[in-house]
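Visitor: Residues per chain are reported as follows:
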Amino acid sequence: GNSVTQMEGPVTLSEEAFLTINCTYTATGYPSLFWYVQYPGEGLQLLLKATKADDKGSNKGFEATYRKETTSFHLEKGSVQVSDSAVYFCALAPGAGGTSYGKLTFGQGTILTVHP
Amino acid sequence: GAVVSQHPSWVICKSGTSVKIECRSLDFQATTMFWYRQFPKQSLMLMATSNEGSKATYEQGVEKDKFLINHASLTLSTLTVTSAHPEDSSFYICSASGLAGSQFFGPGTRLTVL
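Top to bottom, those sequences are chains A and B. The numbering of the first sequence is our numbering, which starts it at 18 and goes up by one. The numbering of the second sequence is our numbering, which starts it at 876 and goes up by one.
Next up, chain B with everything else stripped away, as it sits in the complex (with noise of 0.2 Å):
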């Protein structure tokens, strides 16, 4: 099946700080991809939806000035979490959707804030 890659796999960093995650569609080209977050025992909650070369569409309650998701490419998007703090510490997971319509996901990067 189409491989998804994310990176980094795991990250920690300090409160205040921002932090980038990527996510790449490595054999075929991802015409939409989704950012998700999923918190420990709970189901992954989508976060945004992003087409290539287009503003990423926010679900509500998500705050679009924190979550900055950028999609240049058919092959990359990328979620930075800025001036992150204890709580946004959480697993992110990146899927990605081609024409056929299906999505493959990510493996997830694990996202510590101290």
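Chain A with its partners taken away, still in its complex shape (with noise of 0.2 Å):
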């Protein structure tokens, strides 16, 4: 079956830091890949996708690369602010693209927190 690997957190950073969360998955064919945000007191929110292979998501400053031949779908941000404090899920959908998003698999989620 589908499953989505996150690297373990929380993760705390300074402002204007480099973040990193790296996501890796297990898929049969070709799934397209989220990121979901959860501000606290929140739902979910899409973040960023992409749908196939060496496709670039990008959204308010971060962004991440569906790669293929690592399974990978790490997710990245050259200057954080405090306002990034948030759980962070990396996500995959079976189907490449369209309107294929149900049946959503997460990773656990990783906490961020960002210091002034």
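Treat the hints as calculated values from the structure; they're not laboratory data. Among these hints, one or two may not hold up.
[What the hints assert, rightly or not] Chain B side only, calculated, beta carbon under 10 Å to chain A, not exhaustive:
no.	residue
1	VAL879
2	GLN881
3	TYR911
4	MET920
5	THR924
6	GLU927
7	SER929
8	TYR933
9	PHE942
10	GLN978
11	GLY981
12	GLY983
13	THR987
Positions of the beta carbon are idealized from the N, C-alpha and C atoms, including for glycine.
Combine both chains into one complex, guided by the hints.
Guide: Okay, structure coming up:
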């Protein structure tokens, strides 16, 4: 079956530091890959996505590249802010692109805390 | 973006009672709704998928007679935890998907069974 593994947290950084949260996956076929963010007291929000190999998803300064050869989708940001403090979830859905966003499989989530 | 609400945001109930959780898509029609369960410091686990007007499809290991799901309209799905026990205490999250396919998540409902 499909699975997603994220790096263990929590991650604590100072403002303007570089962020990497590792994510690797196991899936058959060509899944779509996602990063979701959950701010305190709120629901999950889609941060970025990539639907095929070598695609780069980006949003709000965050980036992740779909690497099929290493089955990875690591999240990066060059300079984090206090407002980036949240829980980040890597996820996959079967099917390449289009509307196949059903049946998401999530990683365990990584808590990020950014200090001023 | 699209908004999904859940009600209640938290609920405490006695063991043996039933609890209903509502999930609403406020500004779009949700052809499909998903129900997830999240344990502390763990990932979201998909419980079931429901399409409007049809029976829900449950994931392996999820008791359909215990977790009743109804998706009677394009904007509302309900999850009823029947005869709740302390081990059912968890964070329940719904998501809704329209024709475009992207999922939008509700803020979750914290259930505590005493």
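Visitor: None of the hints should be skipped; say for each whether it holds.
Guide: Verification of the supplied hints:
1. VAL879: 7 Å, holds
2. GLN881: 8 Å, holds
3. TYR911: 8 Å, holds
4. MET920: Hint on MET920 of chain B: holds, closest Cβ of chain A at ~8 Å, below 10 Å.
5. THR924: For THR924 of chain B, the interface hint holds, since the closest Cβ of chain A sits about 7 Å away, which is under 10 Å.
6. GLU927: Violated: closest Cβ of chain A sits about 14 Å from GLU927 of chain B, beyond 10 Å.
7. SER929: At 14 Å from the nearest chain A Cβ, SER929 of chain B fails the 10 Å test, so the hint is violated.
8. TYR933: 12 Å, violated
9. PHE942: 17 Å, violated
10. GLN978: Holds. Min distance 6 Å.
11. GLY981: With a closest approach of 5 Å, the GLY981 of chain B hint holds.
12. GLY983: OK, holds: GLY983 of chain B within 10 Å of chain A, min 6 Å.
13. THR987: Where the cut-off is 10 Å and the nearest Cβ of chain A is about 17 Å from THR987 of chain B, the hint is violated.
Violated hints, listed in ascending order, are 6, 7, 8, 9, 13; each of the other numbered hints is respected by the structure.
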